[in-house]
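Number of protein chains: 2
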Amino acid sequence: MPEINELFNKKLKVINLGLESFHKDLKEQKVESIHVNWRPPSEASKKLSALESTSISEKIEKANKEAIDRLLAAEPIIVGIGQAGIDIPGMTKHTILHAGPPITWDRMSEPVKGAVIGGLIYEKLATNEEEARTLAASGKIKFDPCHHHKTVGPMAGVVTYSMPVWILQNKTFGNYAYCTLNEGLGKVLRFGAFGPEVIEKLNWMEAVLAPVLKVAMVLKGSIDVKTILAQMIQMGDEGHNRNKAGTSLLFRELAPFIVKTNFSDRIKAQVLTFIDKNDHFFLNVSMPACKCSLDPLENIEYSTVVYALSRNGTDFGIRVAGTGDKWFTAPCENVTGLYFPGFDETDANPDLGDSTITETAGIGGFAMATAPAIVQFVGGTPKDAVNYTTSMYEITCAENNAFKMPNMNFRGTPTGIDFRKVIETGILPIINTGVACNRAGVGQVGAGIVHPPMKCFKDALSYFVKKTVK
Amino acid sequence: MPEINELFNKKLKVINLGLESFHKDLKEQKVESIHVNWRPPSEASKKLSALESTSISEKIEKANKEAIDRLLAAEPIIVGIGQAGIDIPGMTKHTILHAGPPITWDRMSEPVKGAVIGGLIYEKLATNEEEARTLAASGKIKFDPCHHHKTVGPMAGVVTYSMPVWILQNKTFGNYAYCTLNEGLGKVLRFGAFGPEVIEKLNWMEAVLAPVLKVAMVLKGSIDVKTILAQMIQMGDEGHNRNKAGTSLLFRELAPFIVKTNFSDRIKAQVLTFIDKNDHFFLNVSMPACKCSLDPLENIEYSTVVYALSRNGTDFGIRVAGTGDKWFTAPCENVTGLYFPGFDETDANPDLGDSTITETAGIGGFAMATAPAIVQFVGGTPKDAVNYTTSMYEITCAENNAFKMPNMNFRGTPTGIDFRKVIETGILPIINTGVACNRAGVGQVGAGIVHPPMKCFKDALSYFVKKTVK
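Protein chains in written order, with our numbering: chain W, 1 to 470; chain R, 1 to 470.
Simulated from the structure, these hints should not be mistaken for lab results. Some hints could be false.
Quick list of in silico lysine-lysine cross-link-like pairs, DSSO-like style, CA-CA up to 27 Å [claimed, not checked]: (1) R/LYS458 with R/LYS47; (2) R/LYS404 with W/LYS277; (3) W/LYS214 with R/LYS260; (4) R/LYS277 with W/LYS260; (5) R/LYS455 with R/LYS65; (6) R/LYS214 with W/LYS260; (7) R/LYS277 with W/LYS404; (8) W/LYS142 with W/LYS201.
Rough simulated footprint, nothing fancy, chain W against chain R, three-plus residues with beta-carbon under 8 Å [unchecked claim]: (9) 246-255; (10) 262-270; (11) 380-388.
No experiment lies behind these values; they were computed from the predicted model shown. Beta carbons: idealized from backbone N, C-alpha and C, even for Gly.
Bound-form chain W, shown alone (with noise of 0.2 Å):
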């Protein structure tokens, strides 16, 4: 009789690897049977264990505790209103700043050329949709992340040469942000509209409410950004799909200088009605301050941190202190959410906007637990938004030290990704964003939850291994 009969005469005592399906196949019929979930090293986690040797992984870990320790101490301040063709560095008449990663004209999702439809429109250098497109794919116009000029925006990241920007400086390290005012909800140009009221609103910006903040900003002097969003996130502010109690914040620190300003009290009352009904005034504080707080750790050899999440509505692409500024890009992923009436799934486009430098900073996503009415917008519970918030603290390095959140027992919201750990838990970042339609000229057509690519990550542990493993 062969071995193997032998063998399957006796009682069985399985140890299945791998393949959960066998293991089933066995209990259904009462073979006693052990799970173990395994599988064959990839080569990603053949990579990552070449960053396991003590000389390597001490080095990263120094490097970690210094980018971490630059992030947290970072304290990012509002400094003033600017224009971009004159405060942001590298800016000509001809130059058009978009989220995310590096990406062509012919490339470009819809609602990133919606925008770049209104910002020509908006800047006189296009009078209608079909000149705008022509000028736009002629070589004429210079396209680069915003990202690259020490910028973010919100959606499409649309900025253009006459464009407000809130200016923002850590002042720990001294470095700059930049970022342009929000618009409001709506028919509006970074999610995509590109119409008449929309060119209308941006003028109104350029030539009421930025006049009016700038000077409240002189008067003012500074705001501090940061106890703004360490108290926002005490009050169900997650900083990127919510930011009501941020707005009322900043509201509350604007209006007396405002009032101060020689503008008329109409002019005045229009401003401070503006802000007071748009609860996401403050989403472009936020950002830049996440920005400006991020900045300092680029260049910093062999951490693993990542520095930027962000996305144009094509590519995701990440940056890692480690690495410089080398983007590791992947096609953005489908949101998971709930959409406007009259709009579904087939009307959306895959994720898009700097936002996510919300969650690369530990906030956003990062901290749903502490803004539950978000999950809500998805179906689901108080319980899943802690769950997602519990979930990230497995691939950041840090609980931050300023941003707590009451129904977390006051834990610091997780801060600091680190890009190892994302492979190692197969946990990828969680992001609260918005919905653009896939057609230029829509605009906003729900709100969700996405993931950045594993592939980014995959790719920047490759990068990473070849640059510091000799």
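Starting from the known structure of chain W, fit chain R onto it as the hints suggest.
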């Protein structure tokens, strides 16, 4: 052998009724024992049973349903700014309103006396403390509870003729409520301080703050307070000891209309800055909002719902829907709290103020789960905050349909205290509060948590039984 000895020679199986210590002793001696948590029926529980006959209990249930329907249907709005002497019914130049149930000058606690002294100096009826004490004791001043004049006042709750007041209306029932404007923290009248800086600030509030707010409210029309309350409960405020979000949302509503008034920019900025610097500014709106929401419950025959909890620093008083305007009083309890540097419990006055109207309406301590920052005051944790709120469901009739707490899975706050349930369960309402110094002229010395005395509820029960059980 006597039978008793026979008993002790057998193996014992003990059922222990009442005092648990006997059960513990037996357990230590390894005797099998079951403990039954039983107490001999008290006078109160005998009276409670008197309400259990079908005919009466049906009437009570129906009346309580009516009480809760009225409370939940309330729609408090701000309709304007007025003056106590002109707008509050029944005021004269020699009337002084105070918090809590009725009390004579000789029985008033020192912080209330301090506030009365300040009030008389502010009204120029006295020039110093001595004159004021003499006048107050002379019988020429009519002392009356705020509650008897559709009014509520935080802490001492002193309201005099010239003081400006918020005018609120319950849109559903048409009734009004009044409250002075919040002075901020530090040396303030409501905590019993009466020095020159206190009087100076009251004069500024009368001469500057109130006129500006009055015109702004005329321009604005009205402000929906129920919506602000619902939003703030979702932003970490419970509307009694934490009003940061409420103040922010009120500020946003008011600012554009303050700008539209004809006052100078300097004055407008002063007013906005005063509000911005006082996170409790909204307390004096949430209190009259609760007052005008609860007043329609007065005189619902057979209802056991409490429609006022209030303290004058000497006596705690409660009022019950089924027993009209009658107060059931008992000595105020001491507050379990944390004290400001330089003070301790020997400096603390017993429980004080009309602000318990918030707990009566289902917010304040009853909504503590949503404001865990408050329990940190008394060394508690967010879990304690949730426990406080959860236990209040045991003594209330309803879950609020407007005030929903995110971290309680958006459950409505426990609303409408039933005095029968308080007696039945032994669970007393939980109250968040500030602590005044027990010496006139000093001010706030701390903050903490306190309960009404059980006697108030037992007396209400006795009276209710006499009135209803023929």
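Structure-based check of all given hints:
A distance of roughly 9 Å separates the Cα atoms of R/LYS458 and R/LYS47; the hinted pair therefore holds under the 27 Å criterion. A distance of roughly 23 Å separates the Cα atoms of R/LYS404 and W/LYS277; the hinted pair therefore holds under the 27 Å criterion. Taking the CA atoms of W/LYS214 and R/LYS260, the gap is about 20 Å. The hint holds against a cut of 27 Å. Under the criterion of a C-alpha separation no larger than 27 Å, the hint pairing R/LYS277 with W/LYS260 is consistent with the structure, at around 17 Å.
About 25 Å separates the Cα atoms of R/LYS455 and R/LYS65, which keeps this hinted pair within 27 Å; it holds. Distance hint between R/LYS214 and W/LYS260 is fulfilled; the C-alpha atoms sit about 20 Å from each other, no more than 27 Å. At roughly 23 Å between alpha-carbon atoms, R/LYS277 and W/LYS404 fall within 27 Å of each other, so this suggested pair holds. Restraint check: the Cα-Cα separation between W/LYS142 and W/LYS201 comes to about 25 Å, which is no more than 27 Å; the hinted pair holds.
Counting residues of the stretch 246-255 of chain R whose CB lies closer than 8 Å to any CB of chain W gives 6, so the stated coverage by that chain holds, three being the minimum. Coverage of the stretch 262-270 of chain R by chain W holds in this model, with 4 residues showing a Cβ closer than 8 Å to a Cβ of that chain against a need of three. Remark: the stretch 380-388 of chain R is confirmed as covered by chain W, as 3 of its residues place a Cβ nearer than 8 Å to a Cβ of that chain, reaching the required three.
In the structure shown, no violation is registered for any of the earlier numbered hints.
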